[in-house]
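Taking the hints into account, I'd like the entire structure generated from these sequences.
Those sequence lines, one after another, are chains A and B. Position 246 (the first sequence) corresponds to 242 in my numbering; numbering is contiguous. Count along the second sequence from 1, then add 217; that gives the number in my numbering.
Just so you know, not all the hints are guaranteed correct.
Covered, in the sense of this in silico footprint (three residues per stretch, anywhere, with C-beta under 8 Å from a C-beta of chain B), are these stretches of chain A [claimed, not checked]:
1. 66 to 76
2. 84 to 94
3. 120 to 127
4. 154 to 167
In case anyone wonders, no lab produced these hints; they're calculated from the structure. Note that CB positions come from ideal geometry on N, CA and C, so glycine has one too.
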Amino acid sequence: MDFMTSFLAAAVVAGTPLLFATLGEIITERAGNLNLGVEGMMLMGAVIGFKIGLITGNPILALLAAMFAGSMGALIFAVLTISLRANQVVSGLALTIFGTGFSAFIGKDLVGQVTPNAIKLFFKPLEIPGLANIPILGKALFSQDLFIYLGYLTAIILGIYLYKTRKGLNLIAVGENPGAADAASINITLYKYAHVLLGGALCGLGGVYLSLVYVPAWQENVTAGRGWIAVALVIFAAWNPFKALVGAYLFGGMDIIGFRLQGTSIQISQYFIDMLPYLVTIAVLVVVSMRKSKKNAPPKGLGVPYFREER
Amino acid sequence: MLYKVVKRSEITQGKSFGIRTAAIILALLTSAVFIMILNLNPLEVYASLIKGAFGSNYRIKQTIITAIPLVITSLGIAIAFKMKFWNIGGEGQIMMGAFAASFFALRYPDLPKPILLSLMMIAGMVAGGLWALIPAFFKAQWETNETIITLMMNYIAIKWVTYLQYGPWRDKGALGFPKIPNFSDNAILPNFLGIHIGWIFALILIIVVYIFMKHSKLGYEIAVLGESENTARYAGINVKRTIIIALLISGGLCGLAGMIQASAVSNTLNVEVSGGVGFTAIITTWLASLSAPFILLASILFAALIQGGSFIQTAFGIPAAAAMILEGMILFFVLGSEFFIKYKLTKNGSAKSAAGKGEI
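Written out as structure tokens, the structure is:
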């Protein structure tokens, strides 16, 4: 593999946890709920998925456990913000604090443990015949592990769900104008709960990819701020699952560029390159907010609790 | 539905305080269940928590030292939150405040103590304020989401201090250990009654911020802007100017906390100088419902949790992260309890709701 292809392949790997978390947050925000607990839910998924993977050696069970853990975190957020109408920003922060503590607590005995071989084997790169022969991109995109393919699939399915199915269009209505959606007898509470929980499950998957496949061993605070980058990526992707694919791999590339530049002739301090994803996130947010267009606007009901009596 | 939710017309401060206290107690009870699952006696654990925080003169001092940066940072965050500007960049603002103060401490170690300390304090406040000014400017200019920007700037500040610690500021005499040289005596805050004088600053700032928020024109403008930007515009308030000045103050206070931590606690600059204070202060600020006097209470409570938390770690082998879970739990319950401050449940079929809303 030449330098470009291997760099792109590594960018896709590094972007996969971001992709799952971004998709999760897109679905959550489409329901009108701004959940800043992404980092916390990722960590909850990362630690529970890793622990179950370690105990059972079964990759499917590990993934399911991670999804469950992520959605339990989301459930706390859902009860607070949907049923009890608490402030969404602070509730999300609380979830991140809780999730960080939770993962450090559960993960205390896991430090230094490595992903079991059975799971490593399950997630080894598989070439897709035909597609993998596309020049440059083929090897980067289609000679990857099953988890990454699951990422492509999830993004595409969510995109179709959101724009092409009745339920997806209902969801958009709930996020844009819950009052009108309610009048059209859409069950607002059910839609919100279902999608906030689904969002949490996807964040959990993003987390477990880090601990089980990316590292692949347990280390404390394995997400290292990726959950927050995912929150920014949602804005970058303009709440569109297809655009999330591009954004996640772009940021995945930035995540690894510092490492890749070591040993080349380019001399920049590692610490400055490490700042890159954060600087670019800020730049992206500023640029998006500067050219405010209707198409890239957030759901109108985002962050506002819905209360039928106050309609 | 048997019950329906009705908006409360008003609630006394005492009742609202009572609901919050009940929420904290419920959080402690729920956590007790988890402690029991761990096969430990929750009463013993809580007793040791209290002992770890207040059990001796030394521990009380440690708890107060932990509370000082929490109080000052919370005051800063409260000013931003009052405006519904979600400044979660306290951590970075503390870092940059500590960095700027350290610059003077390391560069002019022989200046007379009062001059050097004043310089460090001003530098810390200016640097923290400027670090908060960046997201404030974007917010004022283009309504850029401040939550994520303030957070991203935390990471940038941490990387910056790491760079200094491992690179240009590294102590060459430290035998390869990556640390920045210790400050001279002139750069270290003096003690008063056994604790560094940061506690006096904290108490004075509580009063100052209280008066500022309740009785100054700018404080009033911040509160109006927090309620509704449109109202603020109609009232002739310069929205951009208010956002910028409020955040300069907010970040400035966080920067001061950074200066105090670097000078009095770590006696140098390092990546641990903020130690999560920027995040914990978000909880204490919310717990205190953004009110300066209650910030003192909430900060002491959380300082006790942190000190007690590290004590139970050694006493019971419970990871220190347990304290973080407890913090999260308390915040969950307080957030949930606010529903009962804003609304009340009434039986269906009873007289018309207090807020005067009819059936729908």
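Count residues of the stretch 154 to 167 of chain A with a Cβ under 8 Å from any Cβ of chain B, then say if the count reaches three.
-> violated (count 0)
Are there at least three residues in the stretch 84 to 94 of chain A whose beta carbon sits under 8 Å from a beta carbon of chain B?
-> With 8 residues in contact (Cβ-Cβ under 8 Å with chain B), the coverage given for the stretch 84 to 94 of chain A holds.
How about the stretch 120 to 127 of chain A: do at least three of its residues have a C-beta closer than 8 Å to a C-beta of chain B?
-> violated (count 0)
Verify the coverage statement for the stretch 66 to 76 of chain A against chain B, using a C-beta to C-beta distance below 8 Å and requiring 3 or more qualifying residues.
-> This one holds; 3 residues, not fewer than the three required, reach chain B with a Cβ under 8 Å.
Checked against the numbered hints given earlier, this structure breaks hints 3 and 4; the rest are met.
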